[in-house]
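A.B. asks: One-letter residues, chain by chain:
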Amino acid sequence: GAVVSQHPSRVICKSGTSVKIECRSLDFQATTMFWYRQFPKKSLMLMATSNEGSKATYEQGVEKDKFLINHASLTLSTLTVTSAHPEDSSFYICSATPLTSGYQETQYFGPGTRLLVL
Amino acid sequence: RKEVEQDPGPFNVPEGATVAFNCTYSNSASQSFFWYRQDCRKEPKLLMSVYSSGNEDGRFTAQLNRASQYISLLIRDSKLSDSATYLCVVNQEGGTGTASKLTFGTGTRLQVTL
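Line by line, the protein sequences give chains C and E. So for the first sequence, our numbering puts the first residue at 1; every next one is plus one. So for the second sequence, our numbering puts the first residue at 1; every next one is plus one.
Check before you lean on any hint, since a few could be wrong.
Using 30 angstroms as the maximum straight-line C-alpha spacing, the simulated DSSO-like pairs for lysine-lysine come out as follows [as the list claims (entries may be wrong)]: (1) K2(E) with K101(E); (2) K55(C) with K20(C); (3) K101(E) with K66(C); (4) K20(C) with K66(C); (5) K2(E) with K64(C); (6) K20(C) with K79(E); (7) K42(C) with K42(E); (8) K79(E) with K66(C); (9) K42(C) with K2(E); (10) K66(C) with K41(C); (11) K55(C) with K45(E); (12) K14(C) with K66(C); (13) K55(C) with K42(E); (14) K55(C) with K14(C); (15) K66(C) with K2(E); (16) K45(E) with K79(E); (17) K45(E) with K101(E); (18) K64(C) with K20(C); (19) K66(C) with K55(C); (20) K14(C) with K42(E); (21) K79(E) with K55(C); (22) K41(C) with K2(E); (23) K41(C) with K42(E); (24) K64(C) with K101(E); (25) K42(C) with K45(E); (26) K42(C) with K66(C); (27) K2(E) with K55(C); (28) K79(E) with K64(C); (29) K45(E) with K41(C); (30) K42(E) with K66(C); (31) K101(E) with K20(C); (32) K2(E) with K14(C); (33) K45(E) with K64(C).
Chain E stretches covered by chain C per the calculated footprint, using a threshold of three residues with CB under 8 angstroms from any CB of chain C [what the hints assert, rightly or not]: (34) 40 to 49; (35) 101 to 110.
Not close to chain E: a few residues of chain C, all C-beta gaps over 10 angstroms, as computed [said to hold, decoys possible]: (36) T17; (37) V19; (38) E22; (39) M45; (40) G61.
Derived by calculation from the structure, the hints in this document are not laboratory data. Even for Gly, the Cβ is constructed at its ideal location relative to N, Cα and C.
Model the full assembly from the supplied sequences, consistent with the hints where possible.
C.D. replies: Here it is as structure tokens:
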């Protein structure tokens, strides 16, 4: 159980285009989904916290107009990288916390999406 | 100071060896602690939670020292399949109405060799 999928797994796009990444919890409902970015040999950095039916909370330094997050249901969150540039090339990973999590909220990670902007 | 600090390694050890990783965290209000494993170009996977009393899962033992803000992971009888990056992760509880957040260390790379 507790499977999280991401689509696409990898994408190559031209500079200036927008890319949408989907994150789905397949066998549970998620109150909260998180979006992370990881550059080579670096740690995962939290970009934003996404709650179903409300606006996402962005971490300091993350542009909300550039990284649009929509959490339309308890099983789906999307991240759209708008007007992508080469410096946005990275590994984007989502995670989800089940509705029934206890005190230590377990986050289940998706397999990640590798974005390359040319 | 980084919120979660780890020695990046790499640690190169022979099969069967015992290896220990350390991690320190800066926020004394942190509530829960984990070790994740990340294979190359893959997502992190939860290895184990870390409790104040220390906990063991097979060949893996995790310890937490809240006073020193220090977490450790011990791997006994290393296997080739243990080769990966081990991420120290700290969970800061959110305030009222906000979710808690995970903060990741940069990871310690382990390479187990024949």
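A.B. asks: Work down the list of hints and note, for each, if the structure agrees.
C.D. replies: Hints versus structure:
| no. | hint | verdict |
| --- | --- | --- |
| 1 | K2(E) with K101(E) | 16 angstroms, holds |
| 2 | K55(C) with K20(C) | 17 angstroms, holds |
| 3 | K101(E) with K66(C) | 22 angstroms, holds |
| 4 | K20(C) with K66(C) | 12 angstroms, holds |
| 5 | K2(E) with K64(C) | 24 angstroms, holds |
| 6 | K20(C) with K79(E) | 39 angstroms, violated |
| 7 | K42(C) with K42(E) | 13 angstroms, holds |
| 8 | K79(E) with K66(C) | 43 angstroms, violated |
| 9 | K42(C) with K2(E) | 13 angstroms, holds |
| 10 | K66(C) with K41(C) | 24 angstroms, holds |
| 11 | K55(C) with K45(E) | 28 angstroms, holds |
| 12 | K14(C) with K66(C) | 16 angstroms, holds |
| 13 | K55(C) with K42(E) | 28 angstroms, holds |
| 14 | K55(C) with K14(C) | 28 angstroms, holds |
| 15 | K66(C) with K2(E) | 26 angstroms, holds |
| 16 | K45(E) with K79(E) | 18 angstroms, holds |
| 17 | K45(E) with K101(E) | 16 angstroms, holds |
| 18 | K64(C) with K20(C) | 14 angstroms, holds |
| 19 | K66(C) with K55(C) | 15 angstroms, holds |
| 20 | K14(C) with K42(E) | 24 angstroms, holds |
| 21 | K79(E) with K55(C) | 45 angstroms, violated |
| 22 | K41(C) with K2(E) | 16 angstroms, holds |
| 23 | K41(C) with K42(E) | 13 angstroms, holds |
| 24 | K64(C) with K101(E) | 18 angstroms, holds |
| 25 | K42(C) with K45(E) | 16 angstroms, holds |
| 26 | K42(C) with K66(C) | 22 angstroms, holds |
| 27 | K2(E) with K55(C) | 28 angstroms, holds |
| 28 | K79(E) with K64(C) | 44 angstroms, violated |
| 29 | K45(E) with K41(C) | 17 angstroms, holds |
| 30 | K42(E) with K66(C) | 25 angstroms, holds |
| 31 | K101(E) with K20(C) | 24 angstroms, holds |
| 32 | K2(E) with K14(C) | 34 angstroms, violated |
| 33 | K45(E) with K64(C) | 28 angstroms, holds |
| 34 | 40 to 49 | holds (count 7) |
| 35 | 101 to 110 | holds (count 7) |
| 36 | T17 | 24 angstroms, holds |
| 37 | V19 | 19 angstroms, holds |
| 38 | E22 | 15 angstroms, holds |
| 39 | M45 | 8 angstroms, violated |
| 40 | G61 | 14 angstroms, holds |
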